[in-house]
Structures are given as C-alpha cells and as structure tokens.
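Protein chains: 2
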Amino acid sequence: MSIDFSPVGLHDDLVKAGHIIPVGVQGIFGRGPIFEEVLRQFDHLVTRIAKDDGAERMSFPPCLDRKVLEKSEFLDSMPNLAGSIFSFSGTDAQHQELSARVHAGQPWQDLLTATHVCLTPAACYPVYPSFTGKLPDAGRLVDMQNWVFRNEPSPEPTRMQSFRVREFVRVGSPDDVIAWRAKWLQRGLDIMLSLGLPAKTEVASDPFFGRGGRMLAANQREQQLKFEVVIPVISSEKPTAVCSFNYHQDHFGKLFDIQLANGDVAQSACLGFGLERIVMALFKTHGMDPAAWPSSVREVLWS
Amino acid sequence: MSIDFSPVGLHDDLVKAGHIIPVGVQGIFGRGPIFEEVLRQFDHLVTRIAKDDGAERMSFPPCLDRKVLEKSEFLDSMPNLAGSIFSFSGTDAQHQELSARVHAGQPWQDLLTATHVCLTPAACYPVYPSFTGKLPDAGRLVDMQNWVFRNEPSPEPTRMQSFRVREFVRVGSPDDVIAWRAKWLQRGLDIMLSLGLPAKTEVASDPFFGRGGRMLAANQREQQLKFEVVIPVISSEKPTAVCSFNYHQDHFGKLFDIQLANGDVAQSACLGFGLERIVMALFKTHGMDPAAWPSSVREVLWS
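Going down the list, the protein sequences come from chains A and B. For the first sequence, this note's numbering assigns the number 1 to the initial residue and increments by one for each residue that follows. For the second sequence, this note's numbering assigns the number 1 to the initial residue and increments by one for each residue that follows.
It is worth saying that the hints were derived from the structure and are not from the lab. A couple of the hints might just be wrong.
[Stated by the list, open to error] Computed cross-link-like contacts, PhoX-like style, restricted to lysine-lysine with a CA-CA straight-line distance of at most 20 angstroms:
1) A:134 x A:254
2) A:134 x B:71
3) B:238 x B:254
4) B:134 x A:16
[To be verified] If you anchor each label on the Cβ, the simulated ranges turn out as follows:
5) B:218 x A:250: 52 to 62 angstroms
6) A:299 x B:221: 53 to 63 angstroms
7) A:94 x B:222: 24 to 34 angstroms
8) B:175 x A:49: 45 to 55 angstroms
9) A:296 x B:9: 21 to 31 angstroms
10) A:67 x B:17: 17 to 27 angstroms
11) B:7 x A:257: 25 to 35 angstroms
12) B:96 x A:296: 45 to 55 angstroms
13) A:80 x B:103: 10 to 20 angstroms
14) A:295 x B:40: 22 to 32 angstroms
15) B:93 x A:73: 55 to 65 angstroms
[Claimed, not checked] To be clear about the criterion: a stretch of chain A counts as covered by chain B if any three or more of its residues have a C-beta under 8 angstroms from a C-beta of chain B, and this derived list gives those stretches:
16) 64–72
17) 81–90
18) 158–169
19) 224–234
Since we're looking at a predicted model, the values are computed, not measured. Heads up, the beta-carbon is just placed ideally off N, CA and C, and yes, glycines get one too.
Only chain A is shown next, with the shape it has when bound in the complex (with noise of 0.2 angstroms):
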C-alpha cells in the first residue's frame, strides 16, 4: 500500500472533500459537518469506554486565569507557545489613534494592555485550581473537553494553533495515579486499534524551549513521564501523537497546594485524546467519506 504523506497532500483533501474550512491564518480553519459529526462520534466512543470509572464532568472555557498560567511554570519551558491576552484600556483620544493605525494598515497593538486572561497551553491546567482543600480518600478524576492554544503556524494541518482535547485529570497517591495511567495507555492504543488506525505507543518529550529545554526533554523521556499513542497522518518516519499520557509526579500537587487525605502532597496525572488529530487520522487511513469506511470501523465509531 503506498499513502501520500505530504502534509500538502491531506490539508488539500480536507478542504476539497468540506472537512476543513480555509479562513486566512495558518493553523485556524473551520471544521465542516462531516469532521464535526466524526469527531462527536469519537468523543462518545470515549465516554463509552470509561463509563465506569467514575470520574466527574467539567467543561472550561477556552480562556484562563493569567495567575494559572504563571504559577504552572509553563513560561518557563514553553513561553512561545503560551497565547496572552490584550486588549485596549485607553481613552476617547487614543481610540481615534488606534482606528486610525487599524484603517491605514499601521501596528496598532504598542496601544493595548495586557488582561488578566490567558489562553489555555494545556487541556488540564483549568482543573487544578478547583482541587481546593484535602481530596477524598480515593483521590480525584476528572473528564473534559477544553479548547486548547498554542502559538505554532502551520501548514501542516495535524499542527494546530487552536484544538479541542478530550482530558482526563487524575489526582491521588503515586499507586492509583501510576496504575491508571498504565490502564489508559493500553486503552488509549486499543481504541485506536478498534478503528483500524496504525497506531503503537513511545515514550515521548514536550517541545521544550532553548537550550535548557534539551536537558528537560531528555530527564523527561529518561523517566518515562510522557507516552503518546502516534499514528502515521503526515509522515511514516515521525508518527503524529494523538494521544498523550503525562505522570506529573507531585509537580502539580506542590504548585496548587493538592493534598491527600493524609496531608501528603497529591501526584498527578493526565491524558489527553488529540480529537482533531484522531479525525484527520481516519480520513487519512480509510479515505474522505466515511461513508466508504470499513463497516467494523463504522461499527465501533456509530454504536
């Protein structure tokens, strides 16, 4: 079987078949219906398959308390991902300069001030403010869909600046975050399996920023904190990660003061199914309709 993995290649087919909407900046497009039903259909498949584990539903906006983002930590490993927001807080006479600047195609933003809103740089950052006071003895899980950001242009359609993520937090002691991390990465890769996509998981790193991050990259894949389930969507050789399963030791539990029943600090850990990601993956492996898919793939994803 000989697939085209040019990144070209599936952005084109996307937008020739309606799945995608082309709107102007790289990284941000529309999503047709088809894409949007397939995608509702994979996030039920979830809901499905963790029906009984118990966890506690939440919905978070797409924007987040700038505080969060700072205490996280994550301007220090990836600042250029990270999206903060502006806005203008000027008066009558520096609105006209602005509209002014706007209208004749002249920067503009020197005029505006940062909020106290930030974008969402991960699918669980949200969550872990509301862990306020000593968890129950079993600890937390939690389950989420959140719009996440990240300040990355690209025409490569898989590399997204805005995306919807599918999250699972799980707070608790070091044995029951462990083990259902474990028990997710084989789900993880079985669902994947059950739609006939390609997949197999590796240990993974976050794109770490500079210099330094090299060294966090390489202590990360050193003590297998991170496993993504990566499925061939653009490239062969590099695999897309559709799935990510992330052990935060007690990084976490420190930061926002998480605590067991005991009084311990609380570890953590989260997963996250990449949605856009997973669609894209099976108009790629099994064609633009999924009409056309195969009726065990059909089966599983319209049960």
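Mind docking chain B on chain A? Use the hints.
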C-alpha cells in the same frame, strides 16, 4: 412570586449546585455536568426547530485571523471588548528574563509580541471570509456554535468573558435577509416562551465605545438594526439579553466583498443564542434542579 434578583445570589446558587466552578478570574469559570447537559439539550432544541432551513453547519475555533478583526471595524466601535493574542518570540537570554520576572511576581508582558491571531469578538465573524466568489441565487445560510471572547470581567454570572453562542448567519438579497430575521425573531421568542421563560423582544443597541459610540447606538436603535429577546435573570428592571438578531445591511458584504449572483453587494443578518445565559435563565426561573422543573419544560428540552 418574589424572586431574589441579586447577581451575587444567582452566582452563589449556581456554585452551590455545582453548575459553575469558580477558578480565579471573573467571567471565566468551569461548567458542571448538569449545566452542560441543559446547554446541550437546548442546542438540540434549536437544531430541531431549524431542521428544514437547509443551513450549512460549520464550527470555528475560539481564535480568529487578526486580519478579520482589523477589517471588520470592530476596533472602531468596541476596542475595549476585543482580545488580541500576544506570545513570546525572543532569545534564550530574554527567556531567562521572562522566567525570572514571572517567578518574582513582576510584570512580564512587555517581553511579548503580537501574534497574527485574536479572539473571536462576535460569533458570526469567522464565517465572512469563507464567502468567496458570488453567492448562489438563494444566498447562503450558515449554522455554527462558536466560543466568543469579551474583555469585561464582572462578578455578575451572565456577564462572561468567554461563552458559547449558537449562531446563524444569512447572506443574500435585502428581502431574503430581512424576512429571515423577522421569522427568527418570532421563533426565538416562541422557543423561550415554550420553556416557561418570561421573555419579551425589544429594540437594542451594541455597547459602542466612547463619545462617538453614543451616536452609533442611537442610530442603530433608530433604524431597528438590532433586536433582542430578553429575560429577567439578574434584575427585573434590566432583563438579560439571551438572543440577539442583527441586520447588518451591506456592512459585511462591502468589507468582505460578498456578492449576489447578479453582482450586487450582498446584505447580511445574524442571530445568536447566548447558550450559557439561556441555561442560567432556566436555572433562575425553574430552580437549580432540572429534575424538579415543570414537566412541560422538561418535555420540550428532553424530547
């Protein structure tokens, strides 16, 4: 019947019931599972009402091409509500400075630069650049659910910084566009009344900025360009807008070069259901537990 209309009262009731999850900054909060279930059912209700209209369904991310914001003239009228996304594009040394300032609790935003992306300031904006070429004879109708950002932190729960809007956009001839808006204004009112909500329609205006803005608002009212369906949620004297119906005349047609089949500039109108506000109006009117809502309301929502 005596209802407590204080904003703090509703906020606290929603928090106590687990319907909203405060996590720091005003106007940004999590939504609990019952809140989301009601929102989803209302969204389905709108889908059922609109099912024979033949709308094209699209979905856009919460972020928007900055050029669309610049072109739209939103910055002329409501610059204080718009959000622009800044990020870090500096060197390793500048990154060390950034990290040090964040950890020291000092301002760090002057180390950021503007990206090409902003927040969606109104739910209809992302779709206009997709109307390329001449419209078909009947014009076009698009159906979306998009996240909208407004820079207006408030303790008042219906005044959010980030919220979802179920939005329809109609482009076509003046007659088609005006008739479409009139039909939906009645439908919007009927939907709210069918849910037992004390709704009414009224002529409205946008919150235009500054001195010049007062004239814009007066003109908008004079020409009846904006109607709203309003419901008492926070105050009986100043009911809350839950749907908005806007006739743009040829504003967007000119800005985005949208043409009728005969080459004339297209007109447009849009309408939006403020999904979180409608859910809050239901909780305020019928109580915090949907299981105890009037059976007529439950039948409409869960049918």
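Here is how each hint holds up against the structure:
At roughly 13 angstroms between alpha-carbon atoms, residue 134 of chain A and residue 254 of chain A fall within 20 angstroms of each other, so this suggested pair holds. Distance check on the hinted pair: residue 134 of chain A and residue 71 of chain B sit about 50 angstroms apart at the alpha-carbon level, beyond 20 angstroms; violated. Straight-line distance between C-alpha atoms of residue 238 of chain B and residue 254 of chain B comes to about 35 angstroms, which puts the hinted pair past the 20 angstroms bound. In summary, the hint linking residue 134 of chain B to residue 16 of chain A is supported, as the alpha carbons are separated by about 18 angstroms, within the 20 angstroms threshold.
Restraint check, residue 218 of chain B to residue 250 of chain A: a C-beta distance of roughly 59 angstroms satisfies the suggested window 52 to 62 angstroms. Between residue 299 of chain A and residue 221 of chain B, the C-beta spacing of about 56 angstroms keeps the proposed range 53 to 63 angstroms intact. Against the hinted window of 24 to 34 angstroms, the Cβ-Cβ separation of residue 94 of chain A and residue 222 of chain B comes to about 29 angstroms, which satisfies the hint. Distance hint check: the CB atoms of residue 175 of chain B and residue 49 of chain A are about 51 angstroms apart, consistent with the given range 45 to 55 angstroms.
For the hinted restraint 21 to 31 angstroms between residue 296 of chain A and residue 9 of chain B, the CB-CB distance of approximately 54 angstroms leaves it violated. Under the hint 17 to 27 angstroms, the C-beta atoms of residue 67 of chain A and residue 17 of chain B, about 26 angstroms apart, fit the expected range. A beta carbon spacing of about 29 angstroms between residue 7 of chain B and residue 257 of chain A agrees with the range 25 to 35 angstroms that was offered as a hint. Residue 96 of chain B and residue 296 of chain A have their C-beta atoms about 53 angstroms apart, which keeps the hinted 45 to 55 angstroms range intact.
Taking 10 to 20 angstroms as the suggested C-beta distance range, the pair residue 80 of chain A and residue 103 of chain B conforms, at roughly 18 angstroms. The given range of 22 to 32 angstroms is respected by residue 295 of chain A and residue 40 of chain B, whose C-beta atoms sit roughly 29 angstroms from each other. Here the CB-CB span from residue 93 of chain B to residue 73 of chain A is close to 19 angstroms, at odds with the stated 55 to 65 angstroms. Counting residues of the region 64–72 of chain A whose CB lies closer than 8 angstroms to any CB of chain B gives 6, which reaches the minimum of 3, so the coverage claim holds.
Given a C-beta distance limit of less than 8 angstroms, the hint that chain B covers the region 81–90 of chain A holds, as 9 residues qualify and 3 suffice. Only residues whose beta carbon comes within less than 8 angstroms of a beta carbon in chain B count, and the region 158–169 of chain A has 4; three or more means the coverage holds. By the rule of at least three residues with a Cβ nearer than 8 angstroms to a Cβ of chain B, the coverage given for the region 224–234 of chain A is violated, with 0 such residues.
The structure fails to meet hints 2, 3, 9, 15 and 19 from the earlier list, while all remaining hints are met.
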